[in-house]
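Full structure from sequences and hints, please.
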Amino acid sequence: MQKILQFIFVVSFAILACRASSKKGMPDQCFPPEQDPRCRAHSGRHFYDEDTKACKLHYGCWNGNQGYYEEEECKRNCKGQYKITKPITKYP
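Read in order, the letters of the sequence shown are residues -20 to -1, 1 to 72 in mature numbering (1 follows the signal peptide of the UniProt record, and there is no 0).
Heads up, some of the hints might be wrong.
Quick list of the computed label-pair ranges, beta carbon to beta carbon [unchecked claim]:
(1) ARG56 <-> MET(-20): 36 to 42 angstroms
(2) PRO7 <-> MET(-20): 14 to 20 angstroms
(3) ARG18 <-> GLU51: 23 to 29 angstroms
(4) LYS55 <-> ARG18: 30 to 36 angstroms
(5) LYS36 <-> GLY5: 17 to 23 angstroms
Just so you know, the hints here were simulated from the structure itself, not pulled from any lab data. Ideal placement from N, C-alpha and C gives every residue a C-beta, glycine not left out.
Put into C-alpha cells, the structure is as follows:
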C-alpha cells in the first residue's frame, strides 16, 4: 500500500512540475487570462497555445497588455522561447 501511495505522489509531483515549468521563460502576455463569463466582446488577440505549439486567435474581453494583435508578434515573443524537458522518472 505504501509503495502505491509513493508512486501516486511521484507521478502527481512530476505532472505538477511539468505544468509549472511549461510557461517558464515566457511572458504572461503569451497566455490568455481567464475570461469573465459576462464578456460579449469579439475583440481578437493572438495567444500561444501550449497544446499545438502555435499562436492562435482568441476572441474575448482583453485588458491593455494581454495577447498580441498580430500573429507574427506572438510567434516572435512566445513560440520557441522554452523547451519542455521530460522529467526523469525512476520507480522503485
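The hints, checked one at a time:
no. : hint                                   : in the structure
1   : ARG56 <-> MET(-20): 36 to 42 angstroms : 52 angstroms, violated
2   : PRO7 <-> MET(-20): 14 to 20 angstroms  : 45 angstroms, violated
3   : ARG18 <-> GLU51: 23 to 29 angstroms    : 28 angstroms, holds
4   : LYS55 <-> ARG18: 30 to 36 angstroms    : 31 angstroms, holds
5   : LYS36 <-> GLY5: 17 to 23 angstroms     : 20 angstroms, holds
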